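Please build the complete structure, drawing on both the sequences and the hints.
Here's the letter readout for the chains.
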Amino acid sequence: MRDLILSLLIISITLSFNLGLVQPALYLKAGENMARFFSLLGLRADLLGEAWWAVVETFVMSLFGVASGGLAAFLLAPYASPLIVQPRLSWFVRAVASAVRTIPSVLWAIFFVILVGPGPAAGALALALYTATYLVKLFYEALETVDKELYDSLRAIGLRGLPLALALFVHVRRQVVSHVLFMLEYNVRTATILGFVGAGGVGYYILQYLSMLDYAAVTTYVVATIAFVVSIDAVSYLLRTRV
Amino acid sequence: MSQSQFFPTPCLEAEDLYFSYGEREILRGVSIEVKPGDVVAIMGRSGSGKTTLLKIFAGLLKPHRGVVQVLRCEVDKPCFESVRPRIAYIPQSLGLVSGATALYNVLLGRAPRHPFNFVFGLWSRRDVEEAVEALRVVGLGDKAKMGVDKLSGGEKQRVAIARALFQKASVILADEPVSNLDAETAAEVTKLLVKPSQDGVAVVAVLHDQDIAFEFFKRVYVLKGGMLVEM
Chain A
562 MRDLILSLLI
572 ISITLSFNLG
582 LVQPALYLKA
592 GENMARFFSL
602 LGLRADLLGE
612 AWWAVVETFV
622 MSLFGVASGG
632 LAAFLLAPYA
642 SPLIVQPRLS
652 WFVRAVASAV
662 RTIPSVLWAI
672 FFVILVGPGP
682 AAGALALALY
692 TATYLVKLFY
702 EALETVDKEL
712 YDSLRAIGLR
722 GLPLALALFV
732 HVRRQVVSHV
742 LFMLEYNVRT
752 ATILGFVGAG
762 GVGYYILQYL
772 SMLDYAAVTT
782 YVVATIAFVV
792 SIDAVSYLLR
802 TRV
Chain B
228 MSQSQFFPTP
238 CLEAEDLYFS
248 YGEREILRGV
258 SIEVKPGDVV
268 AIMGRSGSGK
278 TTLLKIFAGL
288 LKPHRGVVQV
298 LRCEVDKPCF
308 ESVRPRIAYI
318 PQSLGLVSGA
328 TALYNVLLGR
338 APRHPFNFVF
348 GLWSRRDVEE
358 AVEALRVVGL
368 GDKAKMGVDK
378 LSGGEKQRVA
388 IARALFQKAS
398 VILADEPVSN
408 LDAETAAEVT
418 KLLVKPSQDG
428 VAVVAVLHDQ
438 DIAFEFFKRV
448 YVLKGGMLVE
458 M
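Protein chains in written order, with this note's numbering: chain A, 562 to 804; chain B, 228 to 458.
In short, the hints are calculated from the structure, not lab data. Take these hints with a grain of salt, some might be off.
Straight-line distance between alpha carbons at most 20 Å, and here's what the computed PhoX-like set of lysine-lysine pairs gives [as the list claims (entries may be wrong)]: (1) K282(B) to K709(A); (2) K445(B) to K262(B); (3) K282(B) to K451(B); (4) K422(B) to K451(B); (5) K377(B) to K262(B); (6) K289(B) to K709(A).
The calculated label-pair distances, taken between Cβ atoms and stated as ranges, are [claimed, not checked]: (7) R272(B) to S792(A): 57 to 65 Å; (8) G380(B) to T802(A): 23 to 31 Å; (9) R734(A) to G427(B): 58 to 66 Å; (10) E705(A) to G256(B): 31 to 39 Å; (11) C306(B) to A795(A): 51 to 59 Å; (12) G293(B) to P648(A): 24 to 32 Å; (13) K377(B) to D564(A): 43 to 51 Å; (14) R721(A) to Y245(B): 21 to 29 Å; (15) T236(B) to R721(A): 26 to 34 Å; (16) R734(A) to S247(B): 47 to 55 Å.
From a predicted model like this one, the values you see are computed outputs, not experimental measurements. Backbone N, C-alpha and C define an ideal beta-carbon position, used for all residues, glycine too.
Pasting the structure below:
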């Protein structure tokens, strides 16, 4: 462990020289900019209502993403598990899901903005697609953690296909619920920046006010976003403990 | 009475089975015939191949040599899939779906025959009543809606037996069904396990306890050196 920490330290110091981070002038300038920036910050009470609706829109996008993506993952994950289908088919489904997952959701958002035009619909579709492929992976991995003897006892009586997958899902339902909540948290965070590419949500408004250099408005939206994300995390935590 | 009732067709036949894990040969020419209503115990030391043999009977493992027929169908033939719903297999860990109720676990016994009803939870009233009845037979009629995780070890064994009863299996294969139970509970559970034999169900169980084997099982075999020897 000591070797690892030492290695990380050496790498950090070496690269900080390469990146031009060891220059006192840089930090002096950063200090001046920060002072100027903070003087422009503030909260705009007149925007609280607008910020609230932007947050609600972001939540709706996230919730749609996790609901429809989760549903798709429930149906697709069994086809990605060699416990349920032929290994060749499971390999193919895994490969497709993995390929889609490789592309970040913000890029999918750009793709859907091109397809359906700017707005929350594009963001919601991007989140749904990404959620589906991510949950496919988490779900088939959960299925593979099932006790082999349970699987054997169900296969021995002739259970197969989707009914078999359903029985196994019930067995790992804690993991499944945990993964769905994890994706809801992920979607909420991601949805806040999808607006930067025109895909709706609070990010769209933040970008607009940033371009007008209205930092007080930006701060109002950022504070609303933080309150929203923290609330979602808290609700998610409570739900997890009750499953 | 017809001749077939005097000499019923075997519901499980294994002939000259060989199986090995790598270089280690675990079964060497095992043959056995089990008829409807037979109650057979298989004993042997740990690692002697008892569970492997039971898994071969259940069609979960393929023997390297030899033939197994269950209900007149060879285990690696396509017809075996249609035979599976008539085989109940109770593994050592019981194969219960955790987080689900005792009733759900019993209903699972007929899920292969009624997959649509199982997936959408649309069981007929008759199916549900029969499942509750199976639980009542094993003494758990009042615990149908209880989660299996909240049941004791002996009660979980009973749920697994209730599933086999509800399944209307012709062959019950049980792997150490009374391990980890006290003597009194083990005797009660074994009684329930062998009871279906009165209705013509064949019961094959892997056991460690000699007293249980000789008290409740008509035929007792020992797996020794890869061979099955009747005691």
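* Check each numbered hint from earlier against the structure, then list the numbers of those it violates in ascending order. => 4, 5, 9 and 16
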